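Position chains B and C relative to chain A; hints supplied.
Protein chains in written order, with this note's numbering: chain A, 1 to 263; chain B, 264 to 486; chain C, 487 to 705.
Hints are computed from structural coordinates only; laboratory data are not their basis.
All figures in this text were calculated on a predicted structure; none of them were measured in a lab.
We treat Cβ as the ideally placed atom computed from N, Cα and C, and that holds for glycine.
A hint or two may mislead.
What the hints assert, rightly or not - No more than 25 angstroms apart at the CA atoms, straight line, and that leaves these computed lysine-lysine pairs for BS3-like:
| id | chain 1 | residue 1 | chain 2 | residue 2 |
| --- | --- | --- | --- | --- |
| 1 | A | Lys-144 | B | Lys-349 |
| 2 | A | Lys-204 | B | Lys-349 |
| 3 | B | Lys-381 | C | Lys-698 |
| 4 | A | Lys-252 | A | Lys-72 |
| 5 | A | Lys-233 | A | Lys-77 |
| 6 | B | Lys-409 | C | Lys-698 |
| 7 | A | Lys-134 | B | Lys-349 |
Unchecked claim - Beyond 12 angstroms from chain C on every Cβ pair, some chain B residues (computed):
| id | residue |
| --- | --- |
| 8 | Gly-289 |
| 9 | Ser-308 |
| 10 | Ala-317 |
| 11 | Ala-374 |
| 12 | Lys-381 |
| 13 | Thr-397 |
| 14 | Leu-408 |
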Amino acid sequence: MKVSHMFHSLALVGALALGSFASVAQADVLANITKANTIKIAVPQDFPPFGSVGADMKPTGYDIDVANLIAKELGTKVELVPVTSANRIPFLTTGKVDLVISSMGKNPDREKVIDFSAAYAPFFNGVFGPADVKISKPEELAGKTIGVTRGSIEDLELSKIAPSSATIKRFEDNNGTITAYLSGQTQLIATGNVVAAAVNERTKLRSLSVKFLVKNSPCFVGLAKGETALQTKVNDIIQKAKKSGALNEISKRWLHASLPTDL
Amino acid sequence: MAYHFDFNFVPDYAGMLAHGIGYTLGLTLLGGTLGTLIGIGGAISRTWNVRPFAGLYRCYVELFRNTPFLVQLFLIFFGLPSLGIKLTEWQAAILAMVLNLGAYSTEIIRAGLQAIPKGLIEASESLAFTRWQTFFYVMLRPALLKVWPALSSQIVITMLGSSVCSQISAEELTFVANFIQSRNFRAFETYFLTTAIYFALAVIIRQALAAIGRYAIARRPQA
Amino acid sequence: MMMTFTLWDIIRNLAISGLLTIVLSVAAFVFGGLAGLAVLFARISKIRAINASARLYIEMFQGTPLLMQLFILFFGLSLFGLDLPAWLAAGVGLTLFTSAFLAEIWRGCVESVPRGQWEASTSLAMTYAEQMRHVILPQAMRMAIAPTVGFAVQVVKGTAVTSIIGFAELTKTGSMLSNATYQPFLLYSLVALGYFILCYPLSWYAQRLERKVHAPRTN
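This is chain A alone, in the form it adopts within the complex (with noise of 0.2 angstroms):
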């Protein structure tokens, strides 16, 4: 295999360029985490009602109260970092966060580079668009052009199910996806379905109706891959928040439903 001998050369260069000294110091998180008495949270600041900003440009929304239950569990003080859908991973993966609370979704090829918590908030991605545009099922996107964020389960799923002839367009995070959508630049999105409310309650400007929904997928907190002390940590936490009611408080707030019992 000449090519890989290449990049395998190429690789090494590129580790002597930066000097491949020790590395990233990942003995445990959760260890560290307490010493610092700070949890670092990567959480969402253009999905609502997971993330959004009000006018004093903090972020609120049922991630953020997630993050903040967690943290008060823990007994540590917690730092909120806004994040996109494109880079919250490589923001766990190169340890600048400890956990992700983004509404992300799981897949096989997430669960190669991270971990992931139990279940804590429920989504449903779909298609969504005018309420005139007649579309029921992935082959008569046939011709349409549909925005998604790059790197979101939603992309992932489109892209496999969509017919060739539909153009989907990828942006970079859920703002530009949505601006471009409110804007006419794309017939139809793909989003998730509170996501497509929250949006319909805050804009008259262009509605979202569902077209269909691609899949169930609930929200994850992403752990760094082999800390299984905090991750055990987080799911106690998530356990208990959804016998006490904590959890369901949450989502009665930011998704107008109470949490469905199979979550």
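Chains B and C in isolation, oriented as in the chain A frame:
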């Protein structure tokens, strides 16, 4: 755990990378050509104070040189539809490239025209050159030749700046890098490779422009 | 959960983030200038190895997109245990970028000092340092002021790219507000206006300086 570099994904995405390189080169080629033409028009209007173009060009140049390319791109792609002007991401990216480069090349070429000695123009008139001949052979060509290196650098800078077009879903080289990165999560390798490709493109474009300067502009007029 | 933004909220938030843009620009310009001076001396050094490495440094930063430089600094270095937060990555990235461009601009100025000046000062038995300090640099500096001020505009505009790595400066705040208010045309127009207010005076001043330097000296 030490980080293990893994560039084995590259062959799988070679087609996409080629597509991204083509897109970036297309943007640069069209942006460079049309931008230079706009610049020639602007430089002429401003040098001879052709109304109302001189004033319009002045505003245009100041507006585009004093705002970031990324913001121009956002305004064209996300903002203009609310005025009823809808452009695809490709058209928006091209328009932003052309307008941006046009503003810079106007000023660059204008400086070249101003550097032509007045005596030369008078001399060519006394040699019974037509106005067009005087303008083309005595003014524009020498001016372009003189500012060609500056214009070439500006084209390379604009090419490198086109990396932000990924933000409006234009599928250029950075878009491809981000796409690959969102599929295989090999952020560092992907960006490292892409940076190297940009560097190679910058070198190639610089050489190509230098060659154009030598052969197309410096060439003596055919008798 | 309807959130309402008044025009005042929008302008106030943009103005606050505009301050961050100014701080980042000034920091990048000052540190980039200092680093650029070091690169300049390396670049005009007579020692080949130093000269060549300075050239490579300049070529690398001038030949790759600022966005890629920021991505590598922000995500790449973390893999080696060097974790830069967004503001620091933005500052370091812009500083390196600025230093490469300024060094190259200044080199042009140093080289445009006529050869005769070097020869004359050599014949006065001046050392290299003395030549630089008393003869070459004062003349080069006079020529360097206008393009240096002009380049400051590029630094201010360059800060917009740092929005993509999540630094909440003017452009990023504009995007966030555009997403919260669904008024992209208004928001991006205001953002563009903000940059124009910051950049136009610099451009205007640079042009004025340029005319002054090129004007024939009468006295």
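Hints, one by one, checked against the model:
1. Lys-144/A <-> Lys-349/B: holds, 16 angstroms
2. Lys-204/A <-> Lys-349/B: holds, 19 angstroms
3. Lys-381/B <-> Lys-698/C: The hint holds at about 21 angstroms.
4. Lys-252/A <-> Lys-72/A: holds, 20 angstroms
5. Lys-233/A <-> Lys-77/A: Measuring from Cα to Cα gives roughly 16 angstroms; hence the hint holds.
6. Lys-409/B <-> Lys-698/C: Holds. Lys-409/B to Lys-698/C sits at ~22 angstroms (cutoff 25 angstroms).
7. Lys-134/A <-> Lys-349/B: Satisfied, since the Cα-Cα distance of roughly 23 angstroms is no more than 25 angstroms.
8. Gly-289: holds, 17 angstroms
9. Ser-308: holds, 18 angstroms
10. Ala-317: The claim stands: Ala-317/B keeps its Cβ more than 12 angstroms from every Cβ of chain C (closest is about 16 angstroms).
11. Ala-374: Ala-374/B not clear of chain C: closest Cβ-Cβ about 10 angstroms, inside 12 angstroms.
12. Lys-381: holds, 15 angstroms
13. Thr-397: holds, 25 angstroms
14. Leu-408: Leu-408/B clear of chain C: closest Cβ-Cβ about 19 angstroms, beyond 12 angstroms.
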